[in-house]
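Letter by letter, the chains look like this.
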Amino acid sequence: MKWNRLRGAELNFNPFDNLLCILLGISFTVWFTLLLVFIIVPAIFGVSFGIRQLYMKTLLKIFEWATHRIERGAKDNNHLLYKPYSNGDGSNRDLDHASEFEMSDIFYFCRQGVESIMDDEVTKRFSAEELESWNLLTRSNYNFQHISLRLTVLWGLGVVIRYGFLLPLRVTLAFTGVGLLVVLTSIIGFLPNGRMKNFLSEQVHLMCYRICVRALTAIITYHDSENKPKNGGICVANHTSPIDVIILASDGCYAMVGQIHGGLMGVIQKSMVKACPHIWFERSEVKDRHLVAKRLSDHVEDKTKLPILIFPEGTCINNTSVMMFKKGSFEIGSTVYPVAIKYDPRFGDAFWNSSQFGMVNYLLRMMSSWAIVCSVWYLPPMTREEGEDAVQFANRVKAAIARQGGLVDLLWDGGLKRGKVKDTFKEEQQKLYSKMLTNLGSLR
Amino acid sequence: MGSTNSTLSKIPNVEELVQETGFTPAHIVRLYDRFEALDKEKTGHLRPQDFGAINRLAINPIGDRIIGAFFSPGQETVDFHSFVRILAHFRPADKKRPKDPSMPEPVNSRTSKLKFAFQLYDQDKDGKISRAELLQVLRSMLEMQVTEEQLESIADRTIQEADLDTDDAISFEEFRKVPPGGALRLTYQHGALTQIRFIIVKNYVRFDNGKQAMKGNRYLKFTLPC
Numbered sequence: 000m001k002w003n004r005l006r007g008a009e010l011n012f013n014p015f016d017n018l019l020c021i022l023l024g025i026s027f028t029v030w031f032t033l034l035l036v037f038i039i040v041p042a043i044f045g046v047s048f049g050i051r052q053l054y055m056k057t058l059l060k061i062f063e064w065a066t067h068r069i070e071r072g073a074k075d076n077n078h079l080l081y082k083p084y085s086n087g088d089g090s091n092r093d094l095d096h097a098s099e100f101e102m103s104d105i106f107y108f109c110r111q112g113v114e115s116i117m118d119d120e121v122t123k124r125f126s127a128e129e130l131e132s133w134n135l136l137t138r139s140n141y142n143f144q145h146i147s148l149r150l151t152v153l154w155g156l157g158v159v160i161r162y163g164f165l166l167p168l169r170v171t172l173a174f175t176g177v178g179l180l181v182v183l184t185s186i187i188g189f190l191p192n193g194r195m196k197n198f199l200s201e202q203v204h205l206m207c208y209r210i211c212v213r214a215l216t217a218i219i220t221y222h223d224s225e226n227k228p229k230n231g232g233i234c235v236a237n238h239t240s241p242i243d244v245i246i247l248a249s250d251g252c253y254a255m256v257g258q259i260h261g262g263l264m265g266v267i268q269k270s271m272v273k274a275c276p277h278i279w280f281e282r283s284e285v286k287d288r289h290l291v292a293k294r295l296s297d298h299v300e301d302k303t304k305l306p307i308l309i310f311p312e313g314t315c316i317n318n319t320s321v322m323m324f325k326k327g328s329f330e331i332g333s334t335v336y337p338v339a340i341k342y343d344p345r346f347g348d349a350f351w352n353s354s355q356f357g358m359v360n361y362l363l364r365m366m367s368s369w370a371i372v373c374s375v376w377y378l379p380p381m382t383r384e385e386g387e388d389a390v391q392f393a394n395r396v397k398a399a400i401a402r403q404g405g406l407v408d409l410l411w412d413g414g415l416k417r418g419k420v421k422d423t424f425k426e427e428q429q430k431l432y433s434k435m436l437t438n439l440g441s442l443r
Numbered sequence: 000m001g002s003t004n005s006t007l008s009k010i011p012n013v014e015e016l017v018q019e020t021g022f023t024p025a026h027i028v029r030l031y032d033r034f035e036a037l038d039k040e041k042t043g044h045l046r047p048q049d050f051g052a053i054n055r056l057a058i059n060p061i062g063d064r065i066i067g068a069f070f071s072p073g074q075e076t077v078d079f080h081s082f083v084r085i086l087a088h089f090r091p092a093d094k095k096r097p098k099d100p101s102m103p104e105p106v107n108s109r110t111s112k113l114k115f116a117f118q119l120y121d122q123d124k125d126g127k128i129s130r131a132e133l134l135q136v137l138r139s140m141l142e143m144q145v146t147e148e149q150l151e152s153i154a155d156r157t158i159q160e161a162d163l164d165t166d167d168a169i170s171f172e173e174f175r176k177v178p179p180g181g182a183l184r185l186t187y188q189h190g191a192l193t194q195i196r197f198i199i200v201k202n203y204v205r206f207d208n209g210k211q212a213m214k215g216n217r218y219l220k221f222t223l224p225c
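Chains as they are written, first to last, in numbering that gives the first Met the number 0: chain S, 0 to 443; chain E, 0 to 225.
In short, the hints are calculated from the structure, not lab data. Model, not experiment: these values are computed from the prediction. The C-beta atom is built at its ideal place from N, Cα and C for all residues, glycine as well. Every clue listed holds true.
In silico negatives: residues of chain S with every beta carbon more than 12 Å from chain E: (1) 49; (2) 67; (3) 158; (4) 225; (5) 269; (6) 345.
Partial list, derived from the structure: chain S residues whose beta carbon lies under 7 Å from chain E: (7) 108; (8) 112; (9) 113; (10) 115.
What follows is a set of in silico ranges between Cβ atoms, one per label pair, in the way DEER data are often shown: (11) S:260 x E:39: 24 to 32 Å; (12) E:67 x S:405: 35 to 43 Å; (13) S:381 x E:105: 52 to 60 Å; (14) S:327 x E:76: 34 to 42 Å; (15) E:32 x S:269: 40 to 48 Å; (16) E:46 x S:381: 40 to 48 Å.
Only chain S is shown next, with the shape it has when bound in the complex (with noise of 0.2 Å):
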């Protein structure tokens, strides 16, 4: 009695634990099987099926029906919006002559003291981009408060795809992505160096970067790839979070230049550059200029080796400028190939503010995002002409990266960001008022 009591117990588990197993190895392939086709296949071979097109499409109409709505309802309500970009910017230079100093030329320079209160030029690139419109996160809203149920619906769906389906998708491409690029690139270090290795490293490398732009589901499109980099040559760019990297090389194979971490990346770092030379420093050797100058002339005169890519503005900016380029990477003297990037921060802001979050908080939002999407322009090199310095060559470069990118050039420098003016931009302020009041007569 008891054993058939047993057996039927048994019985009533065992169809549904088989069917329960079976079930999830059955999902569990097909999705692996998905992944491997539409993700992994493509990232190897280069090609695209054009999903992410559609994609981006379908979001933009969704986020421009919810920013729509929550116009209506602030009017509705009668809520001030807050707009950030509206027309005007304050430095309007339109002035008319003085013949000679009034007592309220002071109202000039306190206009401009306290505009620059309100609102500087400089510390808004600090912070992320403010948004016309909304993308349906909550991390770039300002205005807009609850306004109708469906709006908070579509909100609360975008979280659960977001985080529920994007999410783990994301980071399992991610993990793959970095342990083939460790795997694979140690495998070929123990190739004898010759065509074949170099060959290799590059299909590895390009490889393992396209599967870590899927990982971010990074839409990017190449502008002019006529006038990629070559060999021997110096690729400079706008730096705006540590995914331009991946988006570069993602497009071509580059020779990194950096600080030798630890943890994770130093396991990188170390394993990339027995596949092919990068330049990594230790701590101790990045004060050394010299050093640095040094070792970054030797690669480049050595015409098999990658071309060499560097972020000269030295710190990440928050995309809407280009702040001041150091002068170190354009005393080399070889051919500079300038590439502008410019992110859409409507599907998500790649700024790393990194006084604001760290590294693992960043590559968080980053994959929570809807999407990275970015365009990147090949612009033609440049080379340091005769009776130019170092200093003007740079500016020139940027001045052809800001144009590109639709940034603003200006010539604030990056270090601004932790440290003050110097008084060279003071002078110069005060030279430019009293040769209004020289050239009109004023002072003699």
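Go by the hints and put chain E onto chain S.
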């Protein structure tokens, strides 16, 4: 940066601030975000160094004076309320307001604005701009570019023209009259605090990289992005 409501609840005495200054709650939120951005150490107060971190202000020849205007004499910190009160001077004046001598002067009236500018000159707050104070301002605006004699001659001429009661100093009443017809007009765009425009009549300086400037329209419009 969160939604407006959550920020509003963080600011104490918002109603009072709205009444006193005439800013709308949305504007106050915007100013609060700016205040927090300047207050890097999150103390809830701003010190002169926090203003000094603004680069365009640091290169402004009278930057120190503008910063000084935010701090009452003897105080070393400014809290959010005082910050907003000072900035309220730059709101547009309400032209339709009837001139009621019994009501206190609103913070953004023409008189208050002129008083603000007067205080930039009058650092020792004795109610008069002395020759020495005028020279100081001239020196900050021109520094190395002119000689001491030139500075003194400008100062002399200005005082001669403005000083009506011949006490060799410029009082507030005399200061008011100095730019005849001069006005500081600030206007809003509709809706949000998108811009504050200054319109100064008569006085302007052309900064055109030193090139020769044209004489023309006397109106000067500035826009202050917000």
